[in-house]
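So the protein lines, in turn, are chains D and X. Quick note, this note's numbering runs 2 ahead of the 1-based positions in the first sequence. Quick note, this note's numbering runs 2 ahead of the 1-based positions in the second sequence.
These are calculated hints, taken from the structure and not from any lab test. Incorrect hints may have been included.
[Stated by the list, open to error] If you want the ones that stay clear, here's a sample from chain X, every Cβ over 10 angstroms from chain D, calculated: (1) 8; (2) 10; (3) 17; (4) 28; (5) 30; (6) 50; (7) 133.
[As the list claims (entries may be wrong)] Derived, one-sided and incomplete: chain D residues facing chain X with beta-carbon distance under 10 angstroms: (8) 11; (9) 24; (10) 150; (11) 159; (12) 241; (13) 276; (14) 281; (15) 293; (16) 396.
For each residue, glycine too, the CB sits at the ideal point set by N, CA and C.
Each chain, written out:
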Amino acid sequence: MYRYTEFDQSIVDQRVAQFRGQTERYLAGKLSEDEFRPLRLQNGLYVQKHAPMLRVAIPYGLIDTRQLRMFAQIARTYDRGYGHFTTRQNIQYNWPALDRVPDILADLASVQMHAIQTSGNCIRNTTTDQFAGIAPDEVVNPLAWAEIIRQWSTIHPEFAHLPRKFKIAINGARADRAATLVHDIGLTALTDQVGSIGFRVAVGGGLGRTPIVGVVVREFLPWQDLITYLEAILRVYNLTGRRDNKYKARIKITVKETGVAEFTQRIEDEFARTKSGPTRLTRETVEAISARFTQATYATLPEDDAGVVTLSASNSEFARWLKRNTHAHRVAGYAAVTLSLKRKGVPPGDATADEMDAIALLADRFSQGELRVTHEQNLVFADVEKRELPELWRELKALGFASANIGLIGNIIACPGGDFCSLANAVSIPVAEAIHDRFESLDYQFDIGELDLNISGCINACGHHHVGHIGILGVDKNGEEWYQVTIGGAQSIAINGNDTARIGKIIGPSFARADVPDVVEKLIQTYLGLREREDERFVDVVARTGIEPFKENVYAEAN
Amino acid sequence: MPKLIDHSGERTGDPWITYAGDAHAIPAGACVILPLTEFREFAGTWKNHAKALGVLLSPSDSLELIANDLDKLRLIAIDFPVFTDGRGYSLAHALRSRYGWRGELRAVGDIQQDQIYLLTRSGFDTFALRDDQRANECVAATDDFTHAYQWGADRFGARPGPQVRYGA
Ligand code: HEM
Ligand code: SF4
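Pulled out of the complex, with its shape left as it was, chain D reads as follows (with noise of 0.2 angstroms):
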């Protein structure tokens, strides 16, 4: 966790006041519905179809204990009781009163959050990797650097009025869990030969209605040019970027209608300019930032716990359990572990405010009172004792937290869908559910193995369909709710040694919503006839076998 300085504190408390006033204004007359929009969207605000959705950032995913059960006393206080964490790291409350947004902003000042430019046409959330600082495979702890955008970014004068939503993420680790190249900007951290750190700019990724995977614009960028090359970027978009069509605003159509060689040109010779100026960032800066986040303390422990081992021997439960929702940590005897939040009978990502006290507690005793919020809607505990997963898989499994479906088909990541968004074609929630139910086995869900499985009600693509291995779309056809899907998406897999993102195919005609959970059986059903070996994926598969064969068993009966 980083720890605000007064300075810091001073920057989100004058923001609740500048917020109060312009939604005192709004409510007096004095601002119109169309001058207020970009001011509310910037504090989170979102007027979707039942009420207004306050989105509130969870910077790079991290919170400590403190937080989250303010995020429970704001659900009890001014919700209904519970909130929802998103694909992009933020958590979001579905029924606040607009009057009692600034209210709300105070508290989650009072814990050092805030909910500036979660949404609306400027920087938005950064996002990283939910094991950054304890992945074993991490080349570099991207967390001070997220930091440090986050603060660059927050209220930056030149850019609160983009042509379009802008957003960053940052990997560090040799898998890319932030699903850096279907980003605005995606930086990778890596080291140089003497050890020096810097940064792989890719620029133009996106989902959404043209699903793009990022191009790189810079192999190695030096550290202290972070924020100087950011800004130039941001600055040549700014001033480039399309505004006469909201479908063509963001920069990955810029790019693409500039040319990757020019607009990497124009990039360059901004930087160029600016390079020796002010935003050069110094080892000071980043040594200050850095000693402000908490450091987890560890006890010198044996890799292996051995009553983790006896148990997971006599009980498949557990040993399940600790196969899917436990992962690998850099220090010897501890895991970091995932709180499914994908359940029965409950929208993915959804917690009461009950749910976040009751986590809370377990992460004061079980991970040193921090946790982070996945983008695929799920908590992480970071920093749990090896010989303490029993009791801690106990306590999940008493709360309902301990599915041990992470990576599996049971994972679903869904969008509010047409339950709560205006811009919804069709449902993706109770489409979760079906399939959720579908595939409750876990038998199956192991035999089946690792398998993302992503769900949009739109085009828009918040539930990040495209990446998904099988991606779910809702479309609108004569006012009906269909879906289209597709296959072979990732958000990170390796191809040729290399790894990247990939937009996922469409199969064909789209489906009936009763028919999506036959639908989707058959693609499996298909794979497991294809596979050759026990550890090729789904998505493996496809890439090797295209998706020809899973089209014709798909639609082999319809005709």
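Dock chain X with the ligands against the given chain D, drawing on the hints supplied.
For chain X with the ligands alone, kept in the frame of chain D given last:
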């Protein structure tokens, strides 16, 4: 005439007149703001007629077109046709930092209270307010924040601006 403010209060007696196609409307010896095309074609003629020249840029104008003429200018105005068009912020920043413009930089058009802080930080120092805006509230808005993380272009100006650094 829209109300004109700077960070210290309302400015009365603004000498600048904007040329809008009718040269007879501009008395000899006035301070005149010319649209970019007019400035590029007829700056020489206007220079004899006017006391001082300013230029009015629209968001899509390229700064390269005035880069060599900055010494002929006493004021640069940037138009915001709608407040959500953010190009003017980057133009202002570039004028201040890249082109070294130290003269008056004026925001005109759809200029409202809630943009004033951001405009100030991007290097603007005067603001021609939209008609319905209240001058005192807009002046107060230049100080919405006492701390900021970004080295804005206001650092080149007369006004001290917020304290700028990273949090730690
Ligand atoms: C409930 C009301 C919501 C509305 C009205 C809404 C609206 C939108 C819109 C209009 C876009 C597309 C903008 C564009 O790409 O040009 C979008 C994208 C996105 N939304 Fe939402 N959203 C909502 C909820 C959510 C939730 C709950 C999540 C997370 C679970 C989410 C995550 C995303 C993501 C990740 C994208 C990005 C796609 C990209 O990068 O291109 N949204 N949303
Ligand atoms: S994908 Fe579409 S339906 Fe789903 S939340 Fe986003 S905008 Fe709404």
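Hints, verified against the model:
{"no.": "1", "hint": "8", "result": "17 angstroms, holds"}
{"no.": "2", "hint": "10", "result": "20 angstroms, holds"}
{"no.": "3", "hint": "17", "result": "28 angstroms, holds"}
{"no.": "4", "hint": "28", "result": "31 angstroms, holds"}
{"no.": "5", "hint": "30", "result": "37 angstroms, holds"}
{"no.": "6", "hint": "50", "result": "34 angstroms, holds"}
{"no.": "7", "hint": "133", "result": "14 angstroms, holds"}
{"no.": "8", "hint": "11", "result": "9 angstroms, holds"}
{"no.": "9", "hint": "24", "result": "6 angstroms, holds"}
{"no.": "10", "hint": "150", "result": "7 angstroms, holds"}
{"no.": "11", "hint": "159", "result": "4 angstroms, holds"}
{"no.": "12", "hint": "241", "result": "5 angstroms, holds"}
{"no.": "13", "hint": "276", "result": "7 angstroms, holds"}
{"no.": "14", "hint": "281", "result": "6 angstroms, holds"}
{"no.": "15", "hint": "293", "result": "7 angstroms, holds"}
{"no.": "16", "hint": "396", "result": "40 angstroms, violated"}
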